[in-house]
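Participant: This is what each chain is made of:
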Amino acid sequence: MLILDLTVQGLVQGAIYALIALGLTLVYGLLRILHVAHAALFTLGAYLGVIITNQTGSFALALVVAMVVVGVVGIGIYRFAYKPMLSQPPLVALIASIGLFIASEEIYRLVFGAYSISFTDPPLQTQVEILPGISLSYARLMVVGIALVFLSVLGWLSASTRTGIAWRATVTDPDMARSCGINIENVRYLNFFIGSALAAAAGVMVALLNNQVEPTMGAVPSYKALAIIVMGGLGSVRGTLAASLALGVIEAFGTIYIGHLLDRDAIAFAFLILVLMIRPQGLLAKG
Amino acid sequence: MSFKLHAITLAAGFALSALTAPVLAEPIKIGFNVPLTGFAAADGNSALMGAQLAVDQVNGAGGINGDMLELVVYDDQASPKEAAPLAVKLTTQDEVVAGISGSYSGSTRAAATIFQENSTPYISAYAIHPDITRAGDYVFRTSFMGEVQGRAGAKLIGEMLGLKRVVVITLNNDFGTSLAAGFKEKAADFGIEIVAEYEYSIKDREFGPIVSSIKADAPDAIYASGYFFTAGPLVRQLRAAGVTATVVGQEGYDGQKFIEIAGPDAEGVIITTSLDRDSTDPVVTSFMAGFAAKAGYPADMVGASGHTAVLVMAEAMRQAGATDKAALRDALAATTLDAATGHISFNGLGEVRKDVQVQIVKDGGWHHYTVISDPVLLAPPEQ
Numbered sequence: 023m024l025i026l027d028l029t030v031q032g033l034v035q036g037a038i039y040a041l042i043a044l045g046l047t048l049v050y051g052l053l054r055i056l057h058v059a060h061a062a063l064f065t066l067g068a069y070l071g072v073i074i075t076n077q078t079g080s081f082a083l084a085l086v087v088a089m090v091v092v093g094v095v096g097i098g099i100y101r102f103a104y105k106p107m108l109s110q111p112p113l114v115a116l117i118a119s120i121g122l123f124i125a126s127e128e129i130y131r132l133v134f135g136a137y138s139i140s141f142t143d144p145p146l147q148t149q150v151e152i153l154p155g156i157s158l159s160y161a162r163l164m165v166v167g168i169a170l171v172f173l174s175v176l177g178w179l180s181a182s183t184r185t186g187i188a189w190r191a192t193v194t195d196p197d198m199a200r201s202c203g204i205n206i207e208n209v210r211y212l213n214f215f216i217g218s219a220l221a222a223a224a225g226v227m228v229a230l231l232n233n234q235v236e237p238t239m240g241a242v243p244s245y246k247a248l249a250i251i252v253m254g255g256l257g258s259v260r261g262t263l264a265a266s267l268a269l270g271v272i273e274a275f276g277t278i279y280i281g282h283l284l285d286r287d288a289i290a291f292a293f294l295i296l297v298l299m300i301r302p303q304g305l306l307a308k309g
Numbered sequence: 045m046s047f048k049l050h051a052i053t054l055a056a057g058f059a060l061s062a063l064t065a066p067v068l069a070e071p072i073k074i075g076f077n078v079p080l081t082g083f084a085a086a087d088g089n090s091a092l093m094g095a096q097l098a099v100d101q102v103n104g105a106g107g108i109n110g111d112m113l114e115l116v117v118y119d120d121q122a123s124p125k126e127a128a129p130l131a132v133k134l135t136t137q138d139e140v141v142a143g144i145s146g147s148y149s150g151s152t153r154a155a156a157t158i159f160q161e162n163s164t165p166y167i168s169a170y171a172i173h174p175d176i177t178r179a180g181d182y183v184f185r186t187s188f189m190g191e192v193q194g195r196a197g198a199k200l201i202g203e204m205l206g207l208k209r210v211v212v213i214t215l216n217n218d219f220g221t222s223l224a225a226g227f228k229e230k231a232a233d234f235g236i237e238i239v240a241e242y243e244y245s246i247k248d249r250e251f252g253p254i255v256s257s258i259k260a261d262a263p264d265a266i267y268a269s270g271y272f273f274t275a276g277p278l279v280r281q282l283r284a285a286g287v288t289a290t291v292v293g294q295e296g297y298d299g300q301k302f303i304e305i306a307g308p309d310a311e312g313v314i315i316t317t318s319l320d321r322d323s324t325d326p327v328v329t330s331f332m333a334g335f336a337a338k339a340g341y342p343a344d345m346v347g348a349s350g351h352t353a354v355l356v357m358a359e360a361m362r363q364a365g366a367t368d369k370a371a372l373r374d375a376l377a378a379t380t381l382d383a384a385t386g387h388i389s390f391n392g393l394g395e396v397r398k399d400v401q402v403q404i405v406k407d408g409g410w411h412h413y414t415v416i417s418d419p420v421l422l423a424p425p426e427q
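Protein chains in written order, with this note's numbering: chain A, 23 to 309; chain B, 45 to 427.
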C-alpha cells in the first residue's frame with residue numbers, strides 16, 4: 023500500500039516538474055539557450071496566484087491571470103534580454119539568464135517582502151479517495167489534471183495546427199522556415215508565452231500545495247528543471263515528460279528508503295548521472 | 045565622458061568628507077551580522093528589529109553611562125563566505141567594541157572565530173551549533189544549544205505528554221541534526237520508542253512521500269525539527285493526509301508565519317522555545333508591545349533573541365565600560381539579566397543557562413503550555 027501511495031505522490035510531483043521543465047525545453051529546442059530565469063517566472067506565477075486569490079476570492083481567475091501575465095513577462099524576457107544576444111554564443115545568454123534569476127529573487131523580496139505569503143483561505147483542500155486507502159486533495163488531483171490537459175493541448179497544437187507546424191519547422195531549421203514565409207519571431211514569442219504560462223501554472227499549484235510563496239522558491243526548480251531537460255534529451259518534449267515523471271517517482275521512493283544517505287536533490291542528480299551513463303542522449307531521444 | 049568622471053570624483057569627495065566629518069559624541073559601536081537578503085532574510089529582519097528596539101530602549105534611557113549605542117549592520121545572507129569577511133571588516137576597519145550575530149549557525153561559526161582572534165566579545169543571539177562558543181572565551185550564546193533543546197523535547201514528549209511511539213523527522217542541517225542528537229540521547233530515559241526516522245533538506249517544501257510513510261508508522265507523536273517555512277507545509281500535509289499524531293517542534297517554528305501557513309492545522313502543535321508570550325513579567329510584556337509597534341507584526345523568538353543579546357551586551361558595558369574589550373568579556377561572563385527570553389546567565393563555556401518555554405498553538409496564536417525547569421537535563425556542556 024505504501025508503495026502505491028509513494029508512486030502516486032511521485033507522479034503528482036512529476037506533473038509539477040513537467041509543467042516547469044516543458045517551458046525550459048521549448049526554449050532550448052528553439053534558441054539553444056539554457057533559460058535559468060524560467061524559474062523566476064514560476065515564482066512570479068505563484069505570487070500572482072496567491073495575491074489575486076486573496077483579493078478576489080477566485081482561484082480560477084487567479085490561475086488564468088497569473089498564466090497570461092507571466093506569459094507576457096516571458097515574452098518581455100525574450101524581447102529585451104535574449105533577442106539582443108542571439109548573435110552571441112549561447113553562454114552569453116546563459117549568464118544573462120542566471121543574472122536575471124538572481125536579481126528576480128531580490129526584486130520579489132523587495133516588492134512582496136522577505137516573509138512568505140499564504141492563501142488566507144486555501145481552496146481545493148478536500149480529500150477524495152482515488153484508490154482504496156489512498157486519498158489525495160483536490161489540489162493534488164488538479165496538478166495532475168492541469169498537466170494532462172495543458173500538455174495534451176500542446177501536443178495537439180504542435181501536431182495538427184498551422185501554428186504548430188510552423189513552430190516545429192522553426193525548431194528544425196530556422197533559416198529554411200523563414201524562407202518558407204514563416205515569421206520566426208512570432209513563433210519565438212508564442213514559444214515564450216506558452217512556456218512561461220505553464221511555469222506560472224506550476225507556480226500557482228505549488229503555492230496551493232505548500233500554502234506558501236517565498237522569494238527563493240524558484241531556486242530548486244531552476245536547476246532541477248535543467249537536470250530534467252538534460253535527462254529528457256535536450257529539447258525533446260516527450261523525453262522531458264518521461265524524465266519529469268520518472269524523477270518524481272524516484273524522489274518519492276528515494277526520500278523514504280535512502281533519505282538518510284542522500285537528500286532529495288542528491289537523489290535527483292544521482293539518477294541524472296545514472297541515466298546519462300546508460301543513455302547519454304537522454305531517455306527518449308533517438309541515438 | 046570627462047564631465048561624467050568629474051562628477052563622480054566630486055560625488056566621491058563629498059561622500060568621503062561626510063564619512064570623515066567629526067561627530068560630537070562618538071557612539072559605542074556594536075557589530076551586527078544578520079541575513080537581510082536570501083532565504084533567511086525573514087528571520088534576519090526580525091532579529092534586526094529586536095536588536096534595534098533594544099538599542100532604542102538603551103539610548104532612550106540615557107545610553108551606557110551617557111554614551112549612545114550604535115549597531116553597525118551588515119547583511120551576511122546566512123552564508124559563512126559572506127560572514128567571515130564581514131567579521132574581519134567589523135573588527136578591523138569599523139573597530140567595533142563587540143559583535144552580535146543575528147544570523148544562522150554557519151555564518152555565526154565563521155564570524156565567531158574571527159571575533160575570537162581579534163579578542164572582541166561576540167554573542168550568538170539564536171544560532172545553535174555547539175562549535176560556536178567553542179571558538180573561544182570571547183564568544184557567548186544567549187539562546188539554547190540544539191542538543192539542550194532536543195533533550196527538552198524528549199522530556200516534553202515522553203514524560204510531560206506521556207507519548208511513547210515517536211517518529212523523528214530531521215532537517216539535515218546543523219540545526220536539525222543537533223536537535224535530533226539531543227532528542228535521541230535522552231529519548232530512552234523518558235520511555236520513548238523511536239519507530240521511524242526521516243530526513244529532509246532545507247529546500248524541501250513537499251513532504252508527500254514522508255507523510256505517506258508516517259501514515260503507515262501510526263505514531264503517537266512526531267518530533268520534527270525545522271523552521272516555520274518547512275514546518276508549516278509539513279504540518280499542513282500531515283493533517284491533510286489524516287495523520288493526527290501530536291506534532292512537537294522547536295523555536296524554528298516560533299512566529300505567526302507558521303500559523304499563517306499551516307492554517308487551522310496548526311492548532312495543537314507544541315514547541316520548545318525561549319519566548320513565553322503569555323508571560324505577565326513586565327520585561328516580556330514591554331518587549332512584546334515595543335516589538336509589535338516597531339515591526340508592525342507580533343514578536344517572535346528570533347526578534348526576542350536579538351533584543352536579549354543587545355541588552356545582555358549593554359548590561360556588561362554598564363559594568364565594565366566600552367573601551368577595554370578584555371574587561372567587557374569578563375563582565376559578560378558574570379552578567380545576569382532578566383530579558384525577554386528568560387533569566388540569562390552563562391556557564392564557563394559562555395553557554396546560557398535558562399528554562400525552556402513550551403508553547404502551543406491555540407485559537408490561531410502561540411500560547412503558554414508549560415515550562416521545563418530542569419537544570420540537570422538542560423545543562424549545556426562546560427567545554
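There's no promise every hint is true.
[Said to hold, decoys possible] Only pairs whose alpha carbons sit at most 20 Å apart, straight line, appear in this in silico EDC-like list of lysine to aspartate or glutamate:
(1) A:Lys-105 with A:Glu-207
(2) B:Lys-259 with A:Glu-151
(3) B:Lys-338 with B:Glu-114
(4) B:Lys-73 with B:Asp-111
(5) B:Lys-125 with A:Glu-207
(6) B:Lys-247 with A:Asp-285
(7) B:Lys-247 with A:Glu-151
(8) B:Lys-406 with A:Glu-128
(9) B:Lys-73 with B:Glu-359
(10) B:Lys-406 with B:Asp-322
(11) B:Lys-133 with B:Asp-111
(12) B:Lys-228 with B:Asp-418
(13) B:Lys-133 with B:Asp-119
(14) B:Lys-247 with A:Glu-128
(15) B:Lys-369 with B:Glu-139
(16) B:Lys-133 with B:Asp-218
(17) B:Lys-125 with B:Glu-70
Honestly, the hints are just simulated from the structure, not real lab data.
Participant: For each hint, tell me whether it holds in the structure or not.
Facilitator: Taking the hints in turn, this is what the structure says about them:
1. Using a Cα cut-off of 20 Å, the hinted pair A:Lys-105 and A:Glu-207 holds, with the two alpha carbons roughly 10 Å apart.
2. Proximity of B:Lys-259 to A:Glu-151 is assessed by CA-CA distance (about 15 Å); at most 20 Å being required, the pair is judged to hold.
3. At most 20 Å may separate the alpha-carbon atoms for a hinted pair to count; B:Lys-338 and B:Glu-114 meet this at roughly 17 Å.
4. Distance check on the hinted pair: B:Lys-73 and B:Asp-111 sit about 10 Å apart at the alpha-carbon level, within 20 Å; holds.
5. For a cut-off of 20 Å, the pair hint linking B:Lys-125 to A:Glu-207 is broken: about 43 Å separates their Cα positions.
6. Restraint check: the Cα-Cα separation between B:Lys-247 and A:Asp-285 comes to about 10 Å, which is no more than 20 Å; the hinted pair holds.
7. With a CA separation close to 29 Å, the supplied pair B:Lys-247 and A:Glu-151 exceeds the 20 Å bound.
8. For the hint linking B:Lys-406 to A:Glu-128, the alpha-carbon distance of about 34 Å lies beyond 20 Å, and the restraint is violated.
9. Proposed proximity of B:Lys-73 and B:Glu-359 is supported: the alpha carbons are some 15 Å apart, at most 20 Å.
10. Taking the CA atoms of B:Lys-406 and B:Asp-322, the gap is about 12 Å. The hint holds against a cut of 20 Å.
11. For a cut-off of 20 Å, the pair hint linking B:Lys-133 to B:Asp-111 is broken: about 23 Å separates their Cα positions.
12. As the CA atoms of B:Lys-228 and B:Asp-418 are separated by approximately 18 Å, the hinted pair is consistent with the 20 Å bound.
13. Our distance criterion of 20 Å between C-alpha atoms is met by B:Lys-133 and B:Asp-119, whose separation comes to about 12 Å.
14. A distance of roughly 17 Å separates the Cα atoms of B:Lys-247 and A:Glu-128; the hinted pair therefore holds under the 20 Å criterion.
15. Among the hinted pairs, B:Lys-369 with B:Glu-139 is consistent with the structure: their alpha-carbon atoms are about 11 Å apart, no more than 20 Å.
16. A distance of roughly 26 Å separates the Cα atoms of B:Lys-133 and B:Asp-218; the hinted pair therefore is violated under the 20 Å criterion.
17. In summary, the hint linking B:Lys-125 to B:Glu-70 is not supported, as the alpha carbons are separated by about 31 Å, beyond the 20 Å threshold.
Violated hints, in rising order: 5, 7, 8, 11, 16 and 17; the structure is consistent with all others.
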